[in-house]
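Trainee: Here the protein sequences line up with chains A and B, keeping their order. If you read the first sequence in this note's numbering, its first letter stands for residue 1, the second for the next number, and so on. If you read the second sequence in this note's numbering, its first letter stands for residue 346, the second for the next number, and so on.
Bear in mind the hints are in silico, worked out from the structure with no lab data behind them. Cβ coordinates follow ideal geometry from the N, Cα and C atoms, glycine included. Errors might be hidden in some of the hints.
Unchecked claim - Cβ-to-Cβ under 8 Å is the rule here; a few derived chain A residues that face chain B: (1) TYR5; (2) GLU6; (3) VAL11; (4) ALA13; (5) MET70; (6) LEU151; (7) ILE156; (8) LEU291.
What the hints assert, rightly or not - The calculated DMTMM-like cross-link candidates involving lysine to aspartate or glutamate, where the alpha carbons are at most 20 Å apart (straight line), are: (9) B:LYS386 to A:ASP290; (10) B:LYS410 to B:ASP433; (11) A:LYS99 to B:ASP422.
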Amino acid sequence: MTQGYELLDVVDASPEAMYELFEERGWGDGLPLVPPTSARVDALLEGCGGDPDEVLAVLPPRFGKATRRMVAVNAALAGCKPDYMPVLIAATRALGEKKLNLRGVNATTHCVAPLLIVHGEIAERAGFNSGLGAFGPGNRANATTGRALRLILLHIAGAVPGPGDASTQGGPAKYSYCVAENTAASPWGSFHRSAGVDSASAITLHCGEAPHNFHDMESDHPSRILDKCASVMATLGQNNATIAQGEYFVALGPEHAATCASAGWSRRDVSSYLFQMARLPARVFRAQFDLRAWFPWMHGVADDELLPMTGEVDHIKVFVCGGAGKHSSVVPSWGMTSSVTLPIE
Amino acid sequence: MDQIYAPDGPLAPPPITSAPSPPVLAGLRIGVLDNLKPNAKLLMQRAAEQIAARTGAKVALVTDKGPGYNSATPCSDPIFDKLDKEVDLVITGSAD
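Only chain A is shown next, with the shape it has when bound in the complex (with noise of 0.2 Å):
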């Protein structure tokens, strides 16, 4: 042990020995790891600055210590860059930010899973894809950023299925899940400006579901194209349904966002139309669910008035993400956690 850190002898560090070791342990995600051996964690903290040691969060609900070192270990698993560093710094402080819920999200029976979304000139200077197919496979950055997330939850965290993670499903979503905002083909600039964070990129969690797709070829004009987002957001077996602080984060495809900016709508005017457009009557609400966690106004709303899926405005986040095609989606949170948008310094 050095400074709480175990360092293991291992004789064979061939790549099925590896698994095996990993495998015996209870470690891993279920797929091949690359070993991280000090050599590669080394390379991947020479950028990072900062001490390797400094606690960035404490993560439960195992409560271990996430410092830049056991951050690398976990990137160096999941076979990321040095380039991908800055945004798993930072995306591990805002796990440990305690509207995140992260003890909350890791013990729900619900299927949530942090989506990281890398924002401004990071994403294009380390390759991320924040086009073409940019949630699904086929980009280093993605996917080994999304995986590394996931291990440093699994590791550090302890969020292992059973112990740690009580999910009764689990899901896609929980091996790998990172985007990057199509910032070029926004045309409200990027989100972590409108969020309020004046850094050069920055990063967004938002822990929630896998994505739900929602699709228009035809529409010129934004209102019969976000009325199909507002009717994928108006479910009842979403998370959400009852949860007034719920958020919604709406990556809009670039032919989408073009066609609603094309009519003068702002990236607030989107989330404004979806706040009024998805909605249900309040008796539906009612009818189908007794634990309504509603902000109190909602409780006075009669049974025939339409009430929103979520409290407010601003619980609708809209992002583009992707790219030629009529094709935008909706991922809604898990509802008791709040996304957390953090510069990377």
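We have chain A already, so just place chain B on it with the hints.
Mentor: Chain B alone, transformed into the frame defined by chain A:
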């Protein structure tokens, strides 16, 4: 021989520790903190009543976490203070 890091790393001290369980329940006051999960109150209140009947303790307080609080949040400070003053042990934490 190569060396690799274990991926879990060091632990921080737990932010809170549980109080030791009382060895004898006779005469003690039991509180039920309903975390608002479905049927939690029913389940925990029944358990508290059964424990009281068997041990000579009594159920002194049944409460939820306070307005606006829910299963994913700690209870409100006023409720925490009330439990601290009015009961000797608390049953809470029913899951789904």
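Trainee: State for each hint whether it applies.
Mentor: Against the structure, the hints come out as follows:
1. TYR5: For A:TYR5, the interface hint holds, since the closest Cβ of chain B sits about 6 Å away, which is under 8 Å.
2. GLU6: holds (4 Å)
3. VAL11: holds (6 Å)
4. ALA13: With a minimum Cβ separation of about 4 Å from chain B (threshold 8 Å), the hint on A:ALA13 holds.
5. MET70: holds (4 Å)
6. LEU151: holds (7 Å)
7. ILE156: With Cβ-Cβ at 6 Å, under 8 Å, it holds.
8. LEU291: holds (6 Å)
9. B:LYS386 to A:ASP290: Holds, because 13 Å separates the two Cα atoms, which is no more than 20 Å.
10. B:LYS410 to B:ASP433: holds (17 Å)
11. A:LYS99 to B:ASP422: holds (17 Å)
Comparing the model with each numbered hint stated earlier shows that all of them hold.
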